[in-house]
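J.: For the record, the sequence lines run as chains A, B, C and D.
As numbered in the working numbering, residues 1 to 288 make up the first sequence, in order.
As numbered in the working numbering, residues 1 to 288 make up the second sequence, in order.
As numbered in the working numbering, residues 1 to 374 make up the third sequence, in order.
As numbered in the working numbering, residues 1 to 374 make up the fourth sequence, in order.
Among these hints, one or two may not hold up.
[Stated by the list, open to error] With a cut-off of at most 16 Å between alpha-carbon atoms, the simulated EDC-like pairs for lysine to aspartate or glutamate come out as follows:
(1) B:Lys5 - B:Glu217
(2) A:Lys237 - D:Glu357
(3) A:Lys89 - A:Asp63
(4) B:Lys41 - D:Glu354
(5) A:Lys112 - D:Asp142
(6) B:Lys282 - C:Glu239
(7) A:Lys282 - D:Asp142
(8) C:Lys14 - C:Glu219
(9) D:Lys157 - B:Glu60
(10) B:Lys282 - C:Glu275
(11) B:Lys17 - C:Glu275
(12) A:Lys282 - D:Glu354
(13) A:Lys56 - C:Asp154
(14) D:Lys360 - A:Glu279
(15) B:Lys237 - C:Glu239
(16) D:Lys215 - D:Glu184
(17) C:Lys278 - B:Glu279
(18) A:Lys41 - C:Asp29
I should point out that these hints are in silico values taken from the structure, not numbers from a laboratory.
Keep in mind the model is a prediction, meaning the values are calculated, not measured.
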Amino acid sequence: MLLSKNKKVLVQGITGKEAQYWVEKMNDYGTDIQAGVAPGKGGQSILGIPVYDSVKEAVEQHDIDTTLMFVAPSLVETATMEAIDGGIKEIVILADGVPVHDIMRMLSYGAKNGVRIIGPNTPGLVYPGFSSIGIMPSWLPHVFQPGEIGVVSRSGSLGNEASYQVVQAGFGISHFIGIGGDLLVGTTTVEVLEEFERNDDIKGVVLIGELGGNMEEQAARFVKTMSKPVVALIAGKSSPIGVSMGHAGAIVEGTEGSVESKQKILADNGAHIANTPMEIGKLLKILV
Amino acid sequence: MLLSKNKKVLVQGITGKEAQYWVEKMNDYGTDIQAGVAPGKGGQSILGIPVYDSVKEAVEQHDIDTTLMFVAPSLVETATMEAIDGGIKEIVILADGVPVHDIMRMLSYGAKNGVRIIGPNTPGLVYPGFSSIGIMPSWLPHVFQPGEIGVVSRSGSLGNEASYQVVQAGFGISHFIGIGGDLLVGTTTVEVLEEFERNDDIKGVVLIGELGGNMEEQAARFVKTMSKPVVALIAGKSSPIGVSMGHAGAIVEGTEGSVESKQKILADNGAHIANTPMEIGKLLKILV
Amino acid sequence: MRLFEYQAKAIFAKYGIDIPNGQLVDSHDSIGDSAKKIGYPVVLKAQALAGGRGKAGGIRFAKDDMEAEGNAGILLGMNINGAAVSSILVEEKVDIEKEIYFSITMDRAAKRPVVIVSAEGGMDIEEIAKSEPDSILKEWIDPTHGFHSYHAIDLFKRAGFTGDTLRKLSQLAATLYKIFSEYEAELVEINPLVITRNGRVLAVDGKVILDENGKGVKEFQIQIDAVRDEDLMRYVPLEGDVGILANGAGLTMMTMDVVAHYGGNPANFMEIGGELYKKSEEALDFLLTRKDLNGVLVNLFGAYARTDVIIEGILRSLEKHDTDIPFVFRVRGTGEERARKLLMENLNVEAHDELDEAAKEIVMKAEDYRKRRV
Amino acid sequence: MRLFEYQAKAIFAKYGIDIPNGQLVDSHDSIGDSAKKIGYPVVLKAQALAGGRGKAGGIRFAKDDMEAEGNAGILLGMNINGAAVSSILVEEKVDIEKEIYFSITMDRAAKRPVVIVSAEGGMDIEEIAKSEPDSILKEWIDPTHGFHSYHAIDLFKRAGFTGDTLRKLSQLAATLYKIFSEYEAELVEINPLVITRNGRVLAVDGKVILDENGKGVKEFQIQIDAVRDEDLMRYVPLEGDVGILANGAGLTMMTMDVVAHYGGNPANFMEIGGELYKKSEEALDFLLTRKDLNGVLVNLFGAYARTDVIIEGILRSLEKHDTDIPFVFRVRGTGEERARKLLMENLNVEAHDELDEAAKEIVMKAEDYRKRRV
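Isolated chain A (complex conformation) (with noise of 0.2 Å):
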């Protein structure tokens, strides 16, 4: 599902000033926004798209595969509850500084219920060509373009370069998933991964990972099981230790989380390392 281009889509907080910012972009892109939710504002419309006050009236109205959040982070962990109550069984989650301990409960709530969460701090998905959820600037044509690749991202910015690489490169992307930066994400890279790899749309990934954690290192070792070339770019070499560089997942104490023993556990495993954003296409012209 995660992977499927075609998504129905609710947004909740769909009211606010840049919700509707993004609304228009993504309506514009194409993508099938279903309807929106905001509490009191039941009735109302948002160009031409239908709001209701909770997620439970509007999955009672539209058949729903997708939420993407606009909300503030301290309702962050409420309002996800309330899709997961709702039956949705996808939801994306943008908003950067919620509580880390709302997340790990959030994330328990939405295992137990079979549901998967993108995020928190993610920068959302792109499906060049079909659709787009989330803040990425998929209308930028040197930025996306539909074609082969996967890419998945801790980081939206690095995962624009990531993307603009591709395209300079004369690729094209078949599906953009950023999964996050916070400390604990809902969908983690080796998750990702695994989706790709089953995918008959992608010919070649790319992974775009930063210092901290063990995403990466999990990575690697179903990288090594792996049909399809992986370029990986690892961002945060240059880091000092044990301060967080902007996203509160990019964080090394000691040794473990250090660039370093990411690219070479992912080399060690066969993944090919780019070593600066313009690696990436070279290697995929090698590779793919």
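Fit chains B, C and D to the known structure of chain A by using the hints.
T.: Positioned in the frame of chain A, the structure of chains B, C and D alone reads:
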């Protein structure tokens, strides 16, 4: 299972002073106490009963039907979760003073795991002639004699009085079930009545209630459907409104939970009201 | 433990719930200043830990200083269902468009918390249940999941609310559940919850009962300590003249009832169950400070509590007090034989076997004693 | 947000965890008095928000005043992995029988908290993982169920503990999870957790990292405010000479890496992603307060952030500052065309298409500038 007379019993908190007093009494009465739990005292024994560090270890070595808890009020919630996680299906909680929000969570967790909880603040269970699980004076021959009457009581002290009246009237007691005096308890009066109605040993029922709550009202609706005579004694007629009378659950707000309304509903549904303890015996002689 | 209205509202305000502008006043001198600060007309609400305030005349209005001072004087001297009025909450008079009933409490039968809403607020919930039963909506809460604003949206929509009022009500409901949880309450109630003509959603009254064993009461420790002094034996004074000393809460209540059943008037509730049975001397010492007793009934049914130990304590207490009021004893259970012997040797009294018999005797003897005293 | 050891231990003590007798000292004059109160021999522990303290010589012993003062002087002047030592924790020397490693942290791969125990404490967990991998025991926590003393009993029994030590360790573990939850921590660690010869279970060191978005940090608000001042742009100073201005955390890190890749030395991390892109003027103002820069690389990839708006801010800042250090620009994405035009018109500069090219140029130009400056 609630009415089974020869349960295999675990005692949590077995090394405390009060626990040891009662374990000796229960043991002398013939109760099948298989094991005890006291963290850090694993390997010791009390009256020949082996002690374990955790419920998990005890259930690995023994079949346990029910656990009896001599545990301080603040530790009851954890001990209950330990028993539930250990797979025990019946839990008897004596402690008076367990925070009601702890009880609420415990009952929810128990219900999700199919566990019967009796109490908190119950005096326990007596199966005269067979076994005693709790802090009732089962050894007093003018209070507990084997027989054909099922007694269910919110109060320990008034339960003694009622049992004594049953025995004075020439009957015996098949089961004494104390349900506990707290605001929330795991097993309600009506649930015990349902068991009593199904049990062939029981020819008549004594229901001991008190002011406050709606358990007797709920029970009354079931009394209507019962084939066995029910004698009800409700304490607290002369107690003032809005004050807690010893038991956390014994408080009347407005007209809800008043003794008069309970007696009326019970009588309307076919129960026989005893106004004083001695009337219990008189009514039983007529009815059974 | 029940909180005063002003305490309940202070909690509400701390959690961001809108309450009427108000001040607490404890003398009728300062009432004018407070009322002027708030702005006339004002409402004066007697603060007392009892229900039925409205019917008892505990809520009064004032449009100027004279009315305020006069009504304050009346309120401060009042007694509401046995509870003294210690202070007055002076509040702005609110422009009511609609009154709602809202509460969260424990449902014993369902063994979980329940949220109760009625779009017909302002009356007692039991009156609403009688006059508008269909207006009462309930939603039970899974405590491991909580009660959130989206649950409340559903509930208030069913109650007929929409738009911004719906949003405000549902946020308030979620906040109230947070208070219920964090303060470990047995009840939180807002009645009436008022929607004003200009769209405010206001908690115009507030009732909070905290679990005495819970975390929330710690904030009110002084209040607890004051109660605890006379609460050692869970003593509750009543208006009768027959002192009651029994073991266990249920048996004590029944002892009172049986005395009343045979025409007597119990003077108190007092529990000496559990380990407290060793404190019977102190319990009787305390009971005998009352000068309005015409008799005492001691009803013991020993189990863990040993009746002989209780009787020993009673004998020690009686030795200290020079009292001629009649005592009647009923003793059964653990230690019975020795207890009976002690009573016979020291007081030349035969203990009863049955509560009914003992109750009849004390009612008769108290009646005699009262007549003699007059 | 990482806490100082003494802050972590103050939390431990508040929750009833046994810690060594100790005092915080911030000058070497008062060290003797504190040490005497505790009783020689004592341990002096440098308080700094950095790891590797032991290896850096940040823990010293003293058997008398002279040693204490001497060592205090050394510690207070130290810098531990870039963090200044602000104070010293003076503690009793503990009679160690056994050292244990214990921590609770978030496991990103498992997406839930994990408890880690090793009966071989005292070293870094990674050293233990290398030298005694079998001694490391892990238990994952279901956050809706919690971690209780009975879970810990099981864990510590597997680690080989019995009897009263087992009971104490398991209580401590449950308490630590309570701290982890109530303070909303990312990590709580006790290493070493010491069992003394007389049976005490002592937290001899303590490390707590709180979630900056969580409730627990509120208690340390002053500390946060101090950080926030220079944290507006999530600015992290580095030792290099090439200033970095990019949008988004990931892209900024990569910009630093690419500069380093081509032989340069990045001078900072600074994020102006999200709404912050409108603050590029302030960001550059702040960056230019550094006098050690030999060049600045501006790398923009616009999406929500408009590159032309960022460039406008940069131009405003440059107008205010009389600086001749070289600037290199790379611009792509939203607003690109106008941004390029602004750069050409105002600075006569052609923006690069590629980060790689831009990085090469700034490394070369910074090298030149440094040489000219010397």
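J.: For every hint, state whether the structure bears it out.
T.: We went through each hint and held it up to the structure:
{"no.": "1", "hint": "B:Lys5 - B:Glu217", "verdict": "violated (29 Å)"}
{"no.": "2", "hint": "A:Lys237 - D:Glu357", "verdict": "violated (19 Å)"}
{"no.": "3", "hint": "A:Lys89 - A:Asp63", "verdict": "holds (11 Å)"}
{"no.": "4", "hint": "B:Lys41 - D:Glu354", "verdict": "violated (69 Å)"}
{"no.": "5", "hint": "A:Lys112 - D:Asp142", "verdict": "holds (11 Å)"}
{"no.": "6", "hint": "B:Lys282 - C:Glu239", "verdict": "violated (32 Å)"}
{"no.": "7", "hint": "A:Lys282 - D:Asp142", "verdict": "violated (45 Å)"}
{"no.": "8", "hint": "C:Lys14 - C:Glu219", "verdict": "holds (13 Å)"}
{"no.": "9", "hint": "D:Lys157 - B:Glu60", "verdict": "holds (15 Å)"}
{"no.": "10", "hint": "B:Lys282 - C:Glu275", "verdict": "violated (33 Å)"}
{"no.": "11", "hint": "B:Lys17 - C:Glu275", "verdict": "holds (12 Å)"}
{"no.": "12", "hint": "A:Lys282 - D:Glu354", "verdict": "holds (14 Å)"}
{"no.": "13", "hint": "A:Lys56 - C:Asp154", "verdict": "holds (8 Å)"}
{"no.": "14", "hint": "D:Lys360 - A:Glu279", "verdict": "holds (14 Å)"}
{"no.": "15", "hint": "B:Lys237 - C:Glu239", "verdict": "holds (14 Å)"}
{"no.": "16", "hint": "D:Lys215 - D:Glu184", "verdict": "holds (6 Å)"}
{"no.": "17", "hint": "C:Lys278 - B:Glu279", "verdict": "violated (31 Å)"}
{"no.": "18", "hint": "A:Lys41 - C:Asp29", "verdict": "violated (49 Å)"}
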